[in-house]
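Asker: Chains as they are written, first to last, in our numbering: chain A, 1 to 327; chain B, 328 to 665.
It is worth saying that the hints were derived from the structure and are not from the lab. Certain hints may be false.
[To be verified] Chain A regions said to be covered by chain B (calculated; three or more residues, Cβ under 8 Å):
1. 50 to 60
2. 104 to 115
3. 161 to 171
4. 177 to 187
[To be verified] Stretches of chain B that chain A covers, calculated by requiring three or more beta carbons in the stretch to come under 8 Å of a beta carbon on chain A:
5. 423 to 433
6. 447 to 458
7. 556 to 567
8. 581 to 593
9. 599 to 607
10. 615 to 625
Where a beta carbon is used, it is the ideal one built from N, C-alpha and C, also for glycine.
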Amino acid sequence: MSGATRLAGVLPAATRSRARSADRVWDGVLYGLCMLASVLAVVVLGAIAYKVISGASESLSRFGPGFLVHSTWKPNFGSFGAAPFLFGTAVTSFTALLLSVPIGISIGLYLSMVAPQRLRRVIGPLVEMLAAIPSVILGFWGIIVLAPFLQAHLEPFLHGALGFLPPFGAPATTGSGLFNASLILTIMVVPIIASISRDLFLTVPQELQDGATALGATRWEVLRGVVLPSAASGVAAAAFLGLGRALGEAIAVTQVIGAGSSINASLFQTGDTLASRIANQYGSATTTLHVASLFYLGLILLVIELLVNIAAQLIARRFDVQRASAR
Amino acid sequence: MSDLAGPSRGLAGRSQEQMTDLAGLSPEHASGEVGSLSASASELHDQVGPLTPSGHLRRRQLISRLVEASQTTAALLAVALLGIVVYSVASRAASVLSFDFLTKDLAPSGAPGGGIAPAIIGTAVIVALATVIAMPVGILVALYLTEFAGARAASAIRLALDLLNGMPTILIGLFIFGLLIVGHHQSGFAGSVALAIVILPLVARATQEVLLLVPPSLREAADALGVSHWRTVRGVVLPAARGGILTATMLAVARAAGETAPLLFTCSIFANSVSVNPFGQLGLPNIPVYIFTASEAADPYGFARAWGAAFVLLAFILLANLGVRAFANRSSSGGRSP
Chain A
1 MSGATRLAGV
11 LPAATRSRAR
21 SADRVWDGVL
31 YGLCMLASVL
41 AVVVLGAIAY
51 KVISGASESL
61 SRFGPGFLVH
71 STWKPNFGSF
81 GAAPFLFGTA
91 VTSFTALLLS
101 VPIGISIGLY
111 LSMVAPQRLR
121 RVIGPLVEML
131 AAIPSVILGF
141 WGIIVLAPFL
151 QAHLEPFLHG
161 ALGFLPPFGA
171 PATTGSGLFN
181 ASLILTIMVV
191 PIIASISRDL
201 FLTVPQELQD
211 GATALGATRW
221 EVLRGVVLPS
231 AASGVAAAAF
241 LGLGRALGEA
251 IAVTQVIGAG
261 SSINASLFQT
271 GDTLASRIAN
281 QYGSATTTLH
291 VASLFYLGLI
301 LLVIELLVNI
311 AAQLIARRFD
321 VQRASAR
Chain B
328 MSDLAGPSRG
338 LAGRSQEQMT
348 DLAGLSPEHA
358 SGEVGSLSAS
368 ASELHDQVGP
378 LTPSGHLRRR
388 QLISRLVEAS
398 QTTAALLAVA
408 LLGIVVYSVA
418 SRAASVLSFD
428 FLTKDLAPSG
438 APGGGIAPAI
448 IGTAVIVALA
458 TVIAMPVGIL
468 VALYLTEFAG
478 ARAASAIRLA
488 LDLLNGMPTI
498 LIGLFIFGLL
508 IVGHHQSGFA
518 GSVALAIVIL
528 PLVARATQEV
538 LLLVPPSLRE
548 AADALGVSHW
558 RTVRGVVLPA
568 ARGGILTATM
578 LAVARAAGET
588 APLLFTCSIF
598 ANSVSVNPFG
608 QLGLPNIPVY
618 IFTASEAADP
628 YGFARAWGAA
638 FVLLAFILLA
648 NLGVRAFANR
658 SSSGGRSP
């Protein structure tokens, strides 16, 4: 009804023949603009890759692929290698994912299956708000509030209980380090996994769940036997998207990781990730080789990030296809 | 899975006892008459394997309840974290928040007092300019996806948007640095372009979702009346999707307002006074970079001001999210499917 009243305004003009040829022009203009905007979006993606590669060219030709395994980073001596930052990125992202996948899925299950309707409408948005906190504020909180707590309580406790394992070495003096960065990344990734997996779980057909319940399955057995398997690939895609977020986060990690340049087995020592090294040394880079090496770190990050995101999209699409054909 | 496969296999030859167990009763209830008879037999030969009650049910229900409790705990933990972060920011900001703080110029590092007015205004200018750049492009991309593109082109563009969305913002900063800053100087405009790249995929993807929800009957009605394509888009499709597009844009603005990494190389050198010119010799002061710089310097006055700035930014972002949610709930309960 409302559509018809809206049409009343445009109808008389559209019936006149002169207006019709003008319409054809405007149709073309609209198509052209839409096309142009879409091409622009693709071009921006390509241009980012091009700029990062061209910025890294000096370092690329100087160090080649050996950059990836070289482990010293001494700008004053013109010696650059990405190994410590690859290590830091891998450790922080892996730890963050290890913590956030079970927590995120649990929250997703709670919000879609367990919680009473009224609570869902309150807790769901609050969890999403956690994702809206700017990374710079979370990082600042990580330095001032979380770091002293880790240094005084959690790290000594973990060291006491699990100290025989290399990742749980003696606590450092400040509480800044790989562990702090992992926890901050966990806080960022949990809401992503939680909200995606909640939406996935809500699409699991009710009949399947009812069937399992009728066969005597407990609530958890329904979740484990029916809900989780039928949403598994979507949850995997969500985990990949969370991983992408963790790998690329620069600001909050820079604030809490302590900017170390060496490889340490202990989570409680300082380190640096690819993204955080770019963020904290860009302003102070003086030689062109130093700048190019930072771009090289950016290039490595770009390649990893594209692979992770493409993997997430591929999994998600396959999942979508299965869903659509199952309906 | 194996626990669930069990029941379907052997439902036929089942004793009273096991059937009551399946219905969710504890074995004790049923063990009165049948249980005493079959006890000796089932010790010799377990006929129904995994479904034999024998106290299993209690354990299964206990596990189920424990898991539910842990899920509840996880959700409460997330909410508690939000509360802790907001409380930390608010309680530390309380000492500096005042009318002066919101209206005075930035103070130099190491000095007490001062405000964040230039940063608030600068952030508003940068984000507004970024939105002006990204919003039309995003809507046009979404229109292309829903109105014109073939299946293959559409999936390629969607992939590009998703990759752009997943792009680390620090790389967007590097890109704009290489594109606009090298050989020139930092500017608010460069920061806006960087933020526009952050906003573009968010607006485009969300707008596309909304456009797909526009009822086909509206479009068909326009087609049946012989209305040209662009008039249909202007008069029918876009107005029907207006609420959703505004919602998406507002969320993207809230996201962009808190982004630091794209501004770090493009708009991090600025004066302490109010400036609204995005093309000036310096960058525009802005809240995220201000917080970041203060958090890296060991200056107690700077920390206090940074908490104040963080509170202002956080309040804006959380209120924007709440507002959008309330708006979306109201318009979806007004008839349009969510």
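Asker: Are the hints correct? Go through all of them and say.
Answerer: Status of each hint after checking the structure:
no., hint, in the structure
1, 50 to 60, "holds (count 4)"
2, 104 to 115, "holds (count 7)"
3, 161 to 171, "violated (count 0)"
4, 177 to 187, "violated (count 1)"
5, 423 to 433, "violated (count 0)"
6, 447 to 458, "violated (count 0)"
7, 556 to 567, "holds (count 8)"
8, 581 to 593, "holds (count 9)"
9, 599 to 607, "violated (count 0)"
10, 615 to 625, "holds (count 5)"
The structure fails to meet hints 3, 4, 5, 6, 9 from the earlier list, while all remaining hints are met.
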